[in-house]
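**Q** Using the sequences and the hints, build the whole thing.
In order, the protein sequences belong to chains A and B.
Take my numbering: the final residue in the first sequence is number 114, and no numbers are missing along the way.
Take my numbering: the final residue in the second sequence is number 1115, and no numbers are missing along the way.
These aren't lab readings, by the way, just hints derived from the structure by calculation.
Remember, predicted model here, so these are calculated numbers, not experimental data.
Certain hints may be false.
What the hints assert, rightly or not - Label-pair distances were calculated between CB atoms; the ranges are:
#: 1; chain 1: A; residue 1: 7; chain 2: B; residue 2: 1040; range: 43 to 51 Å
#: 2; chain 1: A; residue 1: 50; chain 2: B; residue 2: 1007; range: 33 to 41 Å
#: 3; chain 1: A; residue 1: 83; chain 2: B; residue 2: 1042; range: 26 to 34 Å
#: 4; chain 1: A; residue 1: 74; chain 2: B; residue 2: 1026; range: 42 to 50 Å
#: 5; chain 1: B; residue 1: 1009; chain 2: A; residue 2: 66; range: 27 to 35 Å
#: 6; chain 1: A; residue 1: 80; chain 2: B; residue 2: 1057; range: 47 to 55 Å
#: 7; chain 1: B; residue 1: 1070; chain 2: A; residue 2: 7; range: 38 to 46 Å
C-beta: ideal position from N, C-alpha, C; glycine also.
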Amino acid sequence: GAGVSQTPSNKVTEKGKYVELRCDPISGHTALYWYRQSLGQGPEFLIYFQGTGAADDSGLPNDRFFAVRPEGSVSTLKIQRTERGDSAVYLCASSLMAMNTEAFFGQGTRLTVV
Amino acid sequence: AQTVTQSQPEMSVQEAETVTLSCTYDTSESDYYLFWYKQPPSRQMILVIRQEAYKQQNATENRFSVNFQKAAKSFSLKISDSQLGDAAMYFCAYRSAMYGNKLVFGAGTILRVKS
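**A** Here is the structure:
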């Protein structure tokens, strides 16, 4: 695709519900990243995929958060038993290779847990 | 762990004037990359400029230039001839050249441009 696409653009969910956030990277990009940006803060790293495998998931805050990339392209970030503190913008980025290549960001999904 | 600090929560500049955004970072590594990203209200992070730590020459992209002081661990962004379209949130970011691929971001600086 022309750029990194994230859906939905906005998501409102009730506390305790399960949500899935989708990221469609630029075609051919093997590296994919998820970040979380809380209000008034800089993005914080969550997880990095190289191909289908999670090469670094050290940023996932707890076991309610999980991400997959089964075919090495589209990725889904899954949040179980959502809490109000999970409210944030979730940004996805992709790059052609892992190292030394520019990461291109999507427009993010704004998640609001009420 | 690496940290990035942006000490200016908000800055203002008159159209056509020059403004400098500050950034300091902390790392024990010798090889790394530094970035400035722009985030307009659309939320999409846009790369403004990039600096490799092993290069002594400061990076320049049109009206945007950096002052990279490796010993001081300082990486400021200068915007010349400011335009209304430059108004946005600006983030400084660090990435290791050897270990991992994640970007470490500062808290950001809101830049307002006055006409």
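**Q** Now tell me if each hint is right for this structure.
**A** A quick look at each hint next to the structure:
About 20 Å separates the C-beta atoms of residue 7 of chain A and residue 1040 of chain B, a value inconsistent with the hinted range of 43 to 51 Å. One distance hint, 33 to 41 Å for the beta-carbon pair residue 50 of chain A and residue 1007 of chain B, holds here, with the actual separation near 35 Å. With their beta carbons about 27 Å apart, residue 83 of chain A and residue 1042 of chain B fall inside the hinted range of 26 to 34 Å. Separated by about 36 Å at the C-beta atoms, residue 74 of chain A and residue 1026 of chain B break the suggested range of 42 to 50 Å.
Remark: the range hint 27 to 35 Å for residue 1009 of chain B to residue 66 of chain A is upheld by a beta-carbon distance near 34 Å. Our hint of 47 to 55 Å for residue 80 of chain A and residue 1057 of chain B holds, since their Cβ atoms are close to 49 Å apart. For the pair residue 1070 of chain B and residue 7 of chain A, the beta carbons lie near 41 Å from each other, so the given range of 38 to 46 Å is met.
The structure fails hints 1, 4 (numbered hints given earlier, in ascending order).
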